[in-house]
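Assemble the complex: chain A is given as a structure, and chain B must be docked to it using the hints.
Heads up: the protein sequence lines correspond to chains A and B, in order. All residue numbers for the first sequence refer to the working numbering, where the first residue is 1 and numbers rise by one. All residue numbers for the second sequence refer to the working numbering, where the first residue is 1 and numbers rise by one.
These are computed hints drawn from the structure, not numbers from a lab. Hints may be right or wrong, so weigh each one.
What the hints assert, rightly or not - These stretches of chain B come out as covered by chain A in the derived footprint (C-beta under 8 Å, 3 or more residues): (1) 27-37; (2) 375-381; (3) 458-471.
Said to hold, decoys possible - Listed next, the in silico EDC-like pairs over lysine to aspartate or glutamate satisfying Cα-Cα at most 20 Å (straight line): (4) B/K499 with B/E275; (5) A/K201 with A/E74; (6) A/K285 with A/D337; (7) A/K464 with B/E444; (8) B/K385 with A/D494; (9) A/K464 with B/E376; (10) A/K507 with A/D494; (11) B/K284 with B/D98; (12) B/K385 with A/D454; (13) B/K473 with A/D7; (14) B/K473 with A/E392; (15) B/K241 with B/D255; (16) A/K397 with B/E432; (17) B/K11 with A/D494; (18) A/K523 with A/E286; (19) A/K270 with A/E416; (20) A/K457 with B/E10; (21) A/K270 with A/D298; (22) A/K151 with B/E10; (23) B/K97 with B/E151; (24) A/K355 with A/E414; (25) B/K473 with B/D484.
To be verified - Distance windows between CB atoms, simulated: (26) B/I397 with A/K355: 25 to 33 Å; (27) A/H153 with B/K209: 40 to 48 Å; (28) A/D454 with B/D64: 28 to 36 Å; (29) A/N350 with B/S171: 50 to 58 Å.
For glycine and all other residues, C-beta sits at the position ideal for the given N, C-alpha and C.
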Amino acid sequence: MQNKTNDAVQNIVIVGGGTAGWMTAAALSHLLKGSSIAQGCSSAQGCSSAQGSSLAEGSSLAEGSCKITLIESEQIGTVGVGEATLPHLRFFNQRLGIDEPEFMQATNATYKLGIEFANWGQQGDAYIHPFGDFGQPVNGVPFHHYWLKSKQHGNDHPIGDYSLPVVAAAQERFDFPSQDPNSLLATYSFAYHLDAGLYAKYLRGYSEERGVIRQEGLVESVQQDSESGFITSVTLKNGVQVDGDLFIDCSGFRGLLIEQTLETGYEHWKHWLPCDRAVAIPCEKEEQPLPYTRATADRAGWRWRIPLQHRTGNGHVYCSDFMSDDEALDSLQKGLDGKPFAEPNFLRFNTGRRKKMWNKNCVAIGLSAGFLEPLESTGIHLIQLGIMKLIEFFPNKQVDSAFSSEFNRVMQMEIERVKDFLILHYHATERDDTEFWNYVRTMSVPDELRRKMDLFKQTGHVVKYQEGLFLEPSWVAVYLGQRFLPQRYDTRVDGFSVGDMQAQLDKLRVEVLNSVQAMPLHKDAIAGLENQLNDGWKNTDMSLYGTRSRNFH
Amino acid sequence: MNAIEKNSIEKIRSIVIAGNDIHGWAVAARLARSLRSQGVQITIVEPNHAVVPNALTLSTNALDFHSDLGVQEVELLKNVGGVYKYGTRLQNCRGSKDNLFCYSPTGELVDRVKFHHYLSRQRINSRQRINSHEQINSHERDSSPEVKVAEHSIATTAALSNKFTHPEPNSALHNIDYAFQVDGVRYLHFLAQFALRYGVKRLEAEVEKVVVGDNGFIQTLMLSNGESVHADFFIDATGSKALLIEEALGVTYDDWSQAFGYDRRLEMITPDNSETPLFNTVTKTRHGWFRSIPIQGARHCHFSYSSAAMSEEQARSVAFAEFGQPIRDDLVSVSEQRQGVRHTHWQGNCLAIGEAAGFVEALLFSPLDLTINAIERWLAVYPDKSCNYLLAQEYNITTRNEYLRVADVHALIADSNLAGQAFSSSVEHRLELFRSTGQVAFYESDVLSEAQWINLFFALELWPEFYDPLISKVSDSDLRSLLDKHASHVRDVVARLPKHDQLLQEILKTTQNADSQAKSNQTSARNS
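This is chain B alone, in the form it adopts within the complex:
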């Protein structure tokens, strides 16, 4: 075939990851496994620094990530002190009280109509009864005790009683979605060991100088130990310093911090010996955002605040008041957060990931969730040595879209005023559409499924004023009995599920057999 310029194609033979934290190792592990038959030398360069104790909350995409690594779930949980996760508890967000957002759909289709329309109809009914007595001003939400969304969701009901199950095909549990929360230090070591086992080379050094060629491609990194490393492709995982993409290549950062209202994050670990919850917690207060992630025996706590509003000292006392005393006082850290995204994420032969690529506090997502997606997107358009700019463009378009969708989730939860912001948001349209039609707007590169958007609206106590006309002829008593029946079905299903902590104890004791059993559950669930 003469159309293919045989001689001009040179494959990538070496990739250097400039790392600083777990993002670099996540990329290293995934690439090492995916490119193992490609003869690509992968090197990670990172400075020597102690890893501070931390916990990570992951999303449902971690399941595919682990499976692509060929890692068994039980093996992983044992190694990284992992626990299961059904969602995120949202407290006082957007004026709502205290609700659980879960990944799994709430209810099933009934007579071809999505379940949430029945809940909306029931709520409209109960409001009409209230309205006949008193006037309610708020059109967005109320606290009517008549409709409890949580009791119609198996995952939410299970999470509230600390029970866990994997999905089971052809049963009421067929669409259970779950994720993990892990000890960040052990997870990092797990990924690092995995990467090293697959041939990744580690150099312990600082990047001192980046040599860029006339074509705008990075050629070499000069290191603090006197070595220099050359590569065909570079991954900038140096965090907010962005040593490659910004310092060397001059790609700017689009600052979105105005929309977020906080610029500092305090982190600490507190002891916690209560039952291990199946969710992380996000709490809005007048001081800022509190978040906590459970791991076995402890909680990792975050406090995001505005440096304009309080000093670091004040922030510490606010955080201690909220979370209690830290396990170790010297492990309380405060870092600067600059919300925003890199203008282009892939420039020349350099790809930025982790905080070098952007930092958008999504509340439902962790930065590592986005790194996992980023690696998959990059592997889908894997370049040759020449790094065709059209591939980079395709990657940059889809990546930016994802950050925009993540910012949407934040804006919805935080009720941010987005007027005049530097980026366009779909939140207003989504909210208006849901409020007036009960439908979820479709956008490309979305980060939540339709069922998850509905769960999020409900967790924020945002209700439609309209339900599907297909159910308008259902009598009020039929509706009530349908919902009662559904709630009792959910209770029955949850009643026979095992306790989360009990399951975790069993996992710690498992042998190889049980391991493959859990794995096959996981696989069959995904295929169903």
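Excised from the complex, chain A in its bound form:
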């Protein structure tokens, strides 16, 4: 038997720049060509043993011969706007050996502790979905059951008062989480608000330093193998032909390779997530950038507000069936903090997912793979996940379908669960002031989401799963923040007297408050980036909720 299985991919072609293209190029150039760098043992298992690093010593592993070409054109704009991210991006950057303060300066980034949702459950309401948990379980019963009972007995503190990142966000404070797992200061994680265009530019420099070839030009035609249908090359308008073994489609919504060439098909979710347009405008920043994103529900969608160091990113996501472009722009302009910096940028999108994100020898990453509105800042995260899974299932030259089928199965599971969580934001509402809200409030939702919501409504319990981005604390934040209160709490709460329980809750609330008041202001943390007071935070993992919440992943 001839062993051809490890016939390595020689040529990777990435079609499209932008955040998806350059994140992919950066990660592949680092991992396929990278020397053994110190970050090699960033995982807890790797570092804690003396043996991990010593073994790799002296053997120069993986000095690559794999060529990576990225094709992009100055003529095609990118969708990059101010973007809010998730804590997982820190893990990505650290794997690439990127210095945190340098990266933050290059992308005008600020810290992010969560998202404030205003006017969702009802007009005038507001809550923060934090990167962290609320309280902690007592006797195996999650904290929110205790809070529900205390609320019944007159406690009018919102559950956010028992979450450190919520209180810190509200007080505009920021500090790196503690490494002591017993500390309250270990109950949260953090992410960034950044300028996605600048991030792509930063990663372009990073990638080109590591040998990625940037090919300027527009793709004119795509060549396929007549038998297998595999893509063999793309030909540009200027006549250049680029051959490849593996093609990464980062061409955005249109899916130049995955759809226009391979006709993979798309599953539409408009009936559950009806917004199909957005308009974005950057504006002058307010006095001090806030350490959280704001998502304000509007008459037929919602408006985002993302604070960067030098300006504020704003946008309005809306449903064209219920709102015109002019109305959407008008509403967005009225809500700006300061003078607009640019003309409004209108976007159209189809919420849904590509039926196969990996088809033949083409992997779609970014908007070509599917689109979910940025309500929970999942855009860059799904790019990152696609890249990480691609690296995990990195194929041979023959691109055996075993790689793509598992990649597609896992990515579909992830995106479907994010989808359900987004639908929850629209469906769990009392708003009845517009046709749009009447529609989303009364629409039928996916069966699995229905089951999750019914279980919480009737019992206060959250459906558990292991794999997935948003786990119990996130579901609790949105349910309770949007007036979707359970009819019952776990009866084991009654094992404590009301007085004892209230005293414990008060104690926790005061501890949270005191801990937050000892934290520096967010603006000082940002100012520290310039004068090296801040050398970044080295601990990362793939969790939303901080080190103390290990049980959630």
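Relative to chain A, chain B alone:
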């Protein structure tokens, strides 16, 4: 808050466990401890019968179980004749020879690449050398002496030389996982005493009649001693008789026995004074499955066979030939095994556990392992008296998934033909993915971790044909020296570990101090 219907919530005030064996007592102990401040009266009803000598092999989840009970490891081992366990020895399974499956990961990440890819690469290299001389037909396995997985695993190497250590944070021993094997009779008494100390009430009687209300909830058990017991919630631990869940509530059993090929189990105890191994043993033969569990001074042996293939008399002689003569001839028992699962495990106000819930011979897991998981799952969705059906649904979904994953493990080890079976299996996908990519497929409610699936594939001599391309540029000589260095590192680490039997002797002599020392080792390992 008007949303909470304050008056309609009634908490559970009484739980009755209809017991028959250790499963009932495991539930009783855990619930008694967990619900001790809840004012719940827990009663266990069980018939009076002598407990036959037996040994139990537990899994890693027993550590959390004991810690949730607040039981110290040393105290436990002293009381129940327990020994340590690193894994399971698999003999002739799926055509493989004789390998050890251990819980602990094999090797560490090297240059961000999982260790097993280096082993795969080395094996592909050595096969290519062989192939240049002769053609090998099997694409699944070979017996190439060039790659020895065992010498790269600290736990396996230690187990093979009867050495044991607890995990130690920030050292080469940081990810050692272990479990226990215990004297089943003493373990049962330990759990029973624990439960009684925490206020569980024991009634010695048979369940004669189960009274079910119009709402489908069980109301009362009428007992053989003339008493009747009422409760808000009932746990059916009556074994395969399933007196509550099946006889009274009519919940059916999904029969999976076709996929397993055996329906009888012979059990016996043989004397054994050799060193106490750190594993139990599973052996496949043409007659069926042999399994043995070591306890101090003896072995508990199982022989699973098909009643269609041999009589009980034949089974006895086959078993004696394999295991030797039993300690006591009258303690050789044969029972019927009906592989499968209860259609729903929680129905109304009744939860089935143990064999009443299902019986899937997983080879790597014992039924008690699944009971321990089941109690935790139930406590996570603890109901009020009304037993909302959505809670039961959530429990039933996750429980069924776990049985499916357990059946997967069996199917992989036994190489069962699963075509046309009544349940869906992930084995084919897992195998194909591992074979062609070296990766482990992810499934919810899995019973093995990624590192453990890799260990199991290797123990069955199932190899990937592909390794991570990140290491394709490593030269053959660098690879060989990396693996040589790793194997010698493993040997060095194991050389300084204590003997298992010596450690067990020390534990029997321990005082309170050493006890808390072992306990703190255990705790810090878990937190690391």
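To see whether the hints hold, each was checked on the structure:
1. Coverage of the region 27-37 of chain B by chain A holds [criterion: at least 3 residues with CB-CB distance below 8 Å; count 3].
2. With 3 residues having a Cβ less than 8 Å from any Cβ of chain A, the region 375-381 of chain B passes the three-residue criterion, so the hint holds.
3. Using a Cβ-Cβ cut-off of 8 Å, 7 residues of the region 458-471 of chain B lie near chain A, which meets the minimum of three, so the contact claim holds.
4. At roughly 10 Å between alpha-carbon atoms, B/K499 and B/E275 fall within 20 Å of each other, so this suggested pair holds.
5. For a cut-off of 20 Å, the pair hint linking A/K201 to A/E74 stands: about 13 Å separates their Cα positions.
6. Straight-line distance between C-alpha atoms of A/K285 and A/D337 comes to about 7 Å, which keeps the hinted pair within the 20 Å bound.
7. Distance restraint check for A/K464 and B/E444: the Cα-Cα separation of roughly 10 Å lies within the 20 Å cut-off, and the hinted pair is therefore satisfied.
8. The suggested pairing of B/K385 with A/D494 holds, with an alpha-carbon distance near 14 Å, which does not exceed 20 Å.
9. A C-alpha spacing of about 13 Å is found between A/K464 and B/E376, which places the hinted pair at or below 20 Å, so the restraint holds.
10. Restraint check for A/K507 and A/D494: satisfied, since their Cα atoms lie roughly 19 Å apart, inside the 20 Å limit.
11. For the given pair, B/K284 sits about 11 Å from B/D98 by alpha-carbon distance, which is consistent with the 20 Å threshold.
12. Annotation: proposed proximity of B/K385 to A/D454 holds, straight-line Cα distance about 18 Å (limit 20 Å).
13. In summary, the hint linking B/K473 to A/D7 is supported, as the alpha carbons are separated by about 12 Å, within the 20 Å threshold.
14. Taking the CA atoms of B/K473 and A/E392, the gap is about 17 Å. The hint holds against a cut of 20 Å.
15. For the given pair, B/K241 sits about 15 Å from B/D255 by alpha-carbon distance, which is consistent with the 20 Å threshold.
16. Annotation: proposed proximity of A/K397 to B/E432 holds, straight-line Cα distance about 18 Å (limit 20 Å).
17. In summary, the hint linking B/K11 to A/D494 is supported, as the alpha carbons are separated by about 8 Å, within the 20 Å threshold.
18. Annotation: proposed proximity of A/K523 to A/E286 holds, straight-line Cα distance about 12 Å (limit 20 Å).
19. Taking the CA atoms of A/K270 and A/E416, the gap is near 14 Å; set against the 20 Å cutoff, the hint holds.
20. Straight-line distance between C-alpha atoms of A/K457 and B/E10 comes to about 17 Å, which keeps the hinted pair within the 20 Å bound.
21. For the hint linking A/K270 to A/D298, the alpha-carbon distance of about 18 Å falls within 20 Å, and the restraint holds.
22. Between A/K151 and B/E10, the direct Cα distance comes to roughly 19 Å. Compliance with the 20 Å bound is thereby established for this hinted pair.
23. A threshold of 20 Å between alpha carbons decides the hint, and for B/K97 with B/E151 the separation of about 16 Å falls inside it, so the pair holds.
24. For the given pair, A/K355 sits about 14 Å from A/E414 by alpha-carbon distance, which is consistent with the 20 Å threshold.
25. At roughly 18 Å between alpha-carbon atoms, B/K473 and B/D484 fall within 20 Å of each other, so this suggested pair holds.
26. One distance hint, 25 to 33 Å for the beta-carbon pair B/I397 and A/K355, holds here, with the actual separation near 26 Å.
27. Range check, A/H153 to B/K209: Cβ separation about 43 Å, and the 40 to 48 Å hint holds.
28. The given range of 28 to 36 Å is respected by A/D454 and B/D64, whose C-beta atoms sit roughly 30 Å from each other.
29. At about 53 Å, the beta-carbon gap between A/N350 and B/S171 stays in the expected band of 50 to 58 Å.
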